[in-house]
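Based on these hints, arrange chain B on the given structure of chain A.
One-letter residues, chain by chain:
2 protein chains.
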Amino acid sequence: MAKRKAYSLLWRTSRCLSNYHSLHSGSPHSIRRFSSGVLPNAVFQRSFNLRSRFYGSTATLIQRSPLFSEVNSDDVSYFKSVLGENNVIQDEDRLQPANTDWMHKYKGSSKLLLLPRSTEEVSHVMRYCNSRHLAVVPQGGNTGLVGGSVPVFDEVIINMSLMNKIISLDKVSGILVCEAGCILENLESFLDDEGFVMPLDLGAKGSCQIGGNVSTNAGGLRLVRYGSLHGNVLGLEVVLANGTVMDMLGTLRKDNTGYDLKHLFIGSEGSLGVVTKVSILTPTKLSATNVAFLACNDYLSCQRLLLEAKRKLGEVLSAFEFLDNHAMDVVLNKLEGARNPLPGMYNFYVLIETTGSDESYDREKLEKFLFGLMEGGLVSDGVIAQDINQVASFWRIREGIPEALMKSGAVYKYDLSLPLEKMYDLVEEMRTQLGAANDLNQEAYGPQWHP
Amino acid sequence: MAKRKAYSLLWRTSRCLSNYHSLHSGSPHSIRRFSSGVLPNAVFQRSFNLRSRFYGSTATLIQRSPLFSEVNSDDVSYFKSVLGENNVIQDEDRLQPANTDWMHKYKGSSKLLLLPRSTEEVSHVMRYCNSRHLAVVPQGGNTGLVGGSVPVFDEVIINMSLMNKIISLDKVSGILVCEAGCILENLESFLDDEGFVMPLDLGAKGSCQIGGNVSTNAGGLRLVRYGSLHGNVLGLEVVLANGTVMDMLGTLRKDNTGYDLKHLFIGSEGSLGVVTKVSILTPTKLSATNVAFLACNDYLSCQRLLLEAKRKLGEVLSAFEFLDNHAMDVVLNKLEGARNPLPGMYNFYVLIETTGSDESYDREKLEKFLFGLMEGGLVSDGVIAQDINQVASFWRIREGIPEALMKSGAVYKYDLSLPLEKMYDLVEEMRTQLGAANDLNQEAYGPQWHP
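If you read the sequences in order, they're chains A and B. Residue 450 is where the first sequence ends in numbering that gives the first Met the number 0, and the numbering goes up by one at each step. Residue 450 is where the second sequence ends in numbering that gives the first Met the number 0, and the numbering goes up by one at each step.
Derived by calculation from the structure, the hints in this document are not laboratory data. Mixed in with the good hints, there may be bad ones.
Same chains, same label: a pair holds when it works inside one copy or across any pair of copies.
For lysine-lysine, the following DSSO-like pairs were computed, each having C-alpha atoms within a straight-line distance of at most 27 Å [stated by the list, open to error]: (1) K421 x K170; (2) K284 x K367; (3) K367 x K170; (4) K421 x K284; (5) K106 x K406; (6) K106 x K333; (7) K110 x K79; (8) K333 x K104; (9) K170 x K284; (10) K79 x K106.
Bear in mind that the values here come from a model prediction, so they are computed numbers and not experimental data.
In isolation and in its complexed conformation, chain A is listed as follows:
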């Protein structure tokens, strides 16, 4: 009985988050409500009173609204006439992965997946769906972890994969313009040759798309160095629910002309429109990377370590990642070839990466910094990667956590932003709560944070 109750609690929490995300938050972009003729301004109005923010804390089950139509054969014919036969997918084998999220937690029942190749095609599709009251869900790489990129019911899936062209790169300013379906890793490779890097990096980079990154305001591993997408995205092209194309594709580092509406689309999960093109400021590539793997005894030391790293390594600090011994255990147990870079086991681990223009200066700086930490007792043990294989194996531990967790059983994963000093209280509270239902082999892992 206790088992069922605990399960039910988790289930209801995740569904209500999903419900919330489908309109307001979550993962790669999703327009659901908008095809039913509700215009963006209505949502602006609803969201306007931020004093009464809706955090989705009531456990409600979602009902399919009868206001939405169902796809019929005339619709399919129309889409084929616009997109071509090959880009209108009804085949169950191809629909199945698009209906299922990356964590296998959410499953939709869409009967139709569309593959537009241009902004104009997206516009035609949106205008048509709006007029027919067909719900849609835009989908990027479908790597989101909170169910935002899969249908809830039978929404038409607008998959952006074919819009994967790089449009331009300004080699002086580093401003890249590309279509929304470009895969992050492909952009990274392209830029690498030109001496630039993307200002964000994610474990899912091999599949996730820049349009989804923008729509979910993905933070990722370089947030500490390059800041959020609100700072780096210089322009967007977006198709609204009624098919209107908004051209906000500026390529200026600063553009104070008129209202800066593009920010509304960054992180709004596609609920206001489908991102079709992105203009983004890419930092110059710096050649020297160093990675250290450190152990701390308590959570307070990890926080103090972050502050010290920002002060002493400020200009070269490019990543600061944290995990606890539970996360380390599951990686070591479940991930083939993973090994602890440190000889002993500790309560907390921190990965610090520096990126600069001069290998020897930067390394000396890092060594001096670590020596000071060990002397001061803030860090219990630590090691610096000696070559790129070690760099990769240190990162493998951090980036392999989601994979290791999935191999351990069902996973409920939340992407939270909390004040740093409160972050770990949540883990301890979760462990207490889950411990009460101790006939289940369940565990609260993490958080693995990046500040």
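Coordinates of chain B only, in the frame set by chain A:
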């Protein structure tokens, strides 16, 4: 006749920019249209079709709208009851500077200046003005250069100077929360003691206020290092035209809950609401600053120099400022004590500042970089500041340009964002245009840019 024509052309251009700015752009925040009962959503709708952006290129004279009321004695009594006698200013001597912009180019005729001390007072004032159809203009430090912070006609001036409290600083994350009327330099001093810096710096820092900086999306001297305010501002509290208080005062590095409406208020010149509180991410202070002053023969070299600086100094580069020989001349002629750091005169000058955590490493890095530039011929001459006095005197040249220009006569100054490679074409074109009206002693200076 030629003289009058040239003058008239300039005058009309500047007035039409001013007209545009009063609604859409310019300098410290200004609500003008909104007190007449036009609600924010109407503006959202108007701005929505960005395909037909309004750049204010038609030369129209502004007419005072008869829809606005004039301030009467009942209004004054009401304001005194809310704000207290001392904070309702009708004295001409005190109104005069608030009616005049910093460049003495625009002049309003407001009869009333209000000094609210709290968000609640701002809300009361706005609600009342809205109900009475009284136009208002919010005013920060009134240091804007494009007339956005002064009344066009007889608007009520809402001056934010008394809302100058620092609310909190999180010493781990560097997140500062303060009222909108805090002067930038005061925030900088406060942070300096705590080991942080503001992510923006302006020549006007001694007077300008953070609320005005946010409302104008001020870029300034640290943009190249810390990025735009869209990346650094984490939260805002804003009072809308009807008095509604929007609490978007988040203090999370990343907050994807709901729509991120605060961005609408960054750079929208107060036309959507009065910024009353700001939450901002402040970088940790780095102790080692080095400044170099360089000469280039042509504009292309300056652009290539920027790219090289980003690549080779990437992580320590904190400022990159450019001026031409015309700007240098006027500074040397008009500013007492200013002197050229270089022995000869050149076509272009670039100031490069690095800020890092280690004096000696950073200096070596800069010296190595400059040596490479001289060898490669990209730079004709250069010098590194040997002490803080030299640092100050190098910066004095760049920061003293507006002051030197004002001492030279009437100045029309525009804050433009253009693709770098096109920036100097504009100067040359302006010189050609002005040269045609050669019976006037007029000159196109600048641009002095920061990328």
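Fill in: Contradicted hints - numbers only
Violated hints: none; all satisfied.
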